[in-house]
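The listed protein sequences derive, respectively, from chains Y and Z.
Per our numbering, the first sequence starts with residue 1, numbered consecutively.
Per our numbering, the second sequence starts with residue 1, numbered consecutively.
The hints are simulated quantities; they were obtained by calculation from the structure and are not laboratory data.
All figures in this text were calculated on a predicted structure; none of them were measured in a lab.
Check each hint, because a few of them may be wrong.
As the list claims (entries may be wrong) - Now the stretches of chain Y that chain Z is said to cover, found in silico as 3 or more residues with beta-carbon under 8 Å:
1. 59-70
2. 84-90
3. 126-132
4. 139-145
5. 148-154
6. 172-186
7. 297-307
As the list claims (entries may be wrong) - Once the Cα atoms are required to be at most 30 Å apart in a straight line, the calculated BS3-like pairs of lysine-lysine come out as:
8. Z:K85 x Y:K191
9. Y:K164 x Z:K67
10. Y:K164 x Z:K316
11. Y:K135 x Z:K316
12. Z:K67 x Z:K85
We put the beta carbon where it would ideally sit given N, CA and C, even for glycine.
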Amino acid sequence: MATQKTFTTSKPSLFKTIEGIIKHWMFRTGIDPISYLVRLVIIIILVVFFLTPLAWLFIATTKTNPQMVELPPLAIGSLDWVVKGWGYLLMYFDGIIVRWIANSFNYVVLGLIFSLCTAIPAGFVLAVIPFRARKIILWTTLIMMLVPGDALVLPMYIELFYMKLINTPWALILPASSFPVGVYLTFQYFKSNLPPDLIGAARVDGCSYFDLFRYIGLPLAKNIIGVLAFTNFAALWSNFFAANLLIDSQIYKTLPAGISIIVSNCAAVLPAATRCISPPDGHTIGRSEVAILGVISTLPVLIIYLLAQRLIIRGATAGAIKE
Amino acid sequence: MMQAKKAVNLTGKSWTKRMATSIRQKFQSAKVVKAEWSLLLLVPYLVAVCLFHLGPALAALVFSFSKFTFGRPQIFAAGLDNYIKVLSDPAFLRSYGNVAQFSVLATISGFIGSISIALLLSLTRDRLGSFARSILFLPGSINAAVVGLIFIFMMDPLTSPLGFILRAFGWNSIRDYVSASNATLVMTVIRFFMSSGGWIAIFYSALESVPTELIESARIDGCNTWQLAWHIRRPIIMGFVWFMVIQLIAYNLQIFAEPYIISQALGGTSFISPYWSPNMLGAFYTLQMGDLGMSAVVSVSQTLISISSSIFIVAKTGAFTTEVTG
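Excised from the complex, chain Z in its bound form:
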């Protein structure tokens, strides 16, 4: 009797248990199916990234080893020929020499300039600091081509607000004092004018987050205005230093618009050659020479630098990673 009761109970229990398990399983499987369908929301982005970020990089790598006959690629038929052709072109090494020199100057000036200006603006919290930050941010709104043109006018003794100084030196035309040797310097000033405002704004925002109590206690301990800036405020943005330097180098190596428009505008002068930077050279190989193989080699070099600098930023600085790993 007891055994029969137990059996009934057991069967009863197992029946309900089985029902519960089956419902749970059905619910779980339904959840999985719904989750999988909702992953479709990600598909347009994945397709776009594959087509317009990863695809081009891969295509450049493949085409850099390919031979082109009337525009038709013979995949991997060229071996290292394209690389040999590009590396033996003096313009290639010269273009990298130009942007390396420019990159060093522009990165150092951008880095030191932006940090110093942001610290200076944040010495005290007042309207003047916010106003200056807003004004310094504005040149970032001008596109690089127009900035290139503005600086031609700014350098021209006849139109420049500093024309009276230039004319005092006996320079009556831009050609009288601007030459290939100071192209790097001119590009550096242009880049600083264009992009430092953005960095200043970023640093200024970061410096605004310094707690007032910290500043007050440092002041009570005898810190003067400049010591506060150097010892309390500066370390807050210095954690950001690797990120900024690598980003600056990566961006500076990609320079195209400013030298291109200046080269177009001052055509016939030896100030900036039509292949002053690697991107200009790549465009020259593509559009003027129609050599996609050589263009692919330049692309590979530029993409490699950019992607490796990005990986370095993520790995070395840990920037952005908190949310991703969290």
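Here chain Y stands alone, though its shape is the one from the complex:
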């Protein structure tokens, strides 16, 4: 009997060994191996679904138009073609593409400056100064913040038409100054980072609200500027509906709106119908050039998403999920 006992404890069965491994795995990961495997398989499928179109876009820039069809879809062509393809694009309307890229950057930078200049002081005032209309302004800000940007483009056209701003860069820059999301995020930030005791002490010492904003609010705001700038940059850069409707003249268009012009004018996505021919060698603007434009128009926001993902998620989640 005693020998048997020694035998079972010193040499565990295969089943018990596996059970031990599973228990150790569960202790370490908090998930059983089968569920882990199921999760792994689904994650791989999801990553493939979400990453393939993006990877395809980047790979497509390295292929000539015939190669787009001849080579396997995810096979890389030649990097030389990217330079050559870009050269063909520069020939389109005497390099208007460069103008579109510059317009996009200019409008976004000016829009960002306007939006930060209005949102940060407003958020500070709403968080720090008690006054009668404060709640009404906050409720309006909340409601406006949740209205999708595209919902107001059509009515804005009508208003800007009578302000004689249609077809000018200001039609895209000035509306950026109304930035309720930024006001709400700044309000929330100051509310949680400026203790009422500190404000009270500063006030007793004779500090005006202006001084409070200048010496305490603005230096503190440095931390929120990143969140606001990244969140708004992506929105302003990707703005398509407004850029398409409010600007008619080609020279004031942004890059995303310009892509739509090339796609429409050149029939670039339909190889049999393509209409834009570059003079020196009769090359036609097609899918490959459209892919290059797509990458140029995606890169700035993609870089921000890669570098500042946490800040952008913070901007998106702020206030929405109650802690």
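Using the hints, position chain Z against chain Y.
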């Protein structure tokens, strides 16, 4: 004597009291003045909101009842004419039919998909979950116009990574299998690709805040991995459900860029008409027909839906209200 002393004391007291009151009043009034001046910091934002949020909404409402002669509005001269014209245009109801159908599909898939994926990623806290979250978030960086183009290539049997499957069905061109009847489905897939990553990231962040002790105690009580996800983690994000659903509906009803670019790129096909969504129709009324009255009616309908959904979110879910009322 005593009375005189009292009087002196009284006068002394009242003098100091008066001084103190006057200083306090001066200080208080100074504070009020300073506070009022500092409210100027709010003015640029208020002007911007009035001009570019409230103003357009109001302008659309006024112009929807106005008559336009050579671009000049005669305020309230049209009565309900613009509304009658728009409502009798079959394209208007069709566009709302399209986006309603799309909105139902995209909202359901976005809602169920995002929540399920976020729960799946958060089954355990490891690098794989964070990595997948980051990858799934990336398509949100592509602007809608480019996403529309990418999906044309993804659907084209000659350029798609799934081209071999499509060609096996005998489809050699996008026109061979894509038609108006499956436009809604295509838009739904595009929207899911573009926007679900953002929601997944939001939910994933919320799920990260679930206390480890809670998970541990549930596990000791015999919960397996999937029960933990369903009974412990899911309720944490379900409080957010109204907010997400209404936001999704409001955003989906505004769709413009993706169908517009696809319609431009595949011009001449019957896949997506140039007025597939209300915003596309509004743009058509404005730019092609030059009828600001009809455009204003579409604007009013879109603005009403958006603003009422926002009010509903704030009132029903109480999202954001803690800080405002607090």
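Status of each hint after checking the structure:
1. 59-70: holds (count 3)
2. 84-90: violated (count 0)
3. 126-132: Three-residue rule met by the stretch 126-132 of chain Y, so holds; n is 3.
4. 139-145: holds (count 7)
5. 148-154: holds (count 6)
6. 172-186: holds (count 8)
7. 297-307: Coverage by chain Z holds here, the residue count being 7 at a Cβ distance below 8 Å.
8. Z:K85 x Y:K191: Since the Cα atoms of Z:K85 and Y:K191 sit roughly 50 Å apart, the hinted pair is violated (cutoff 30 Å).
9. Y:K164 x Z:K67: holds (19 Å)
10. Y:K164 x Z:K316: Violated, because 40 Å separates the two Cα atoms, which is more than 30 Å.
11. Y:K135 x Z:K316: holds (18 Å)
12. Z:K67 x Z:K85: Distance ~12 Å between Z:K67 and Z:K85 Cα, so the pair holds.
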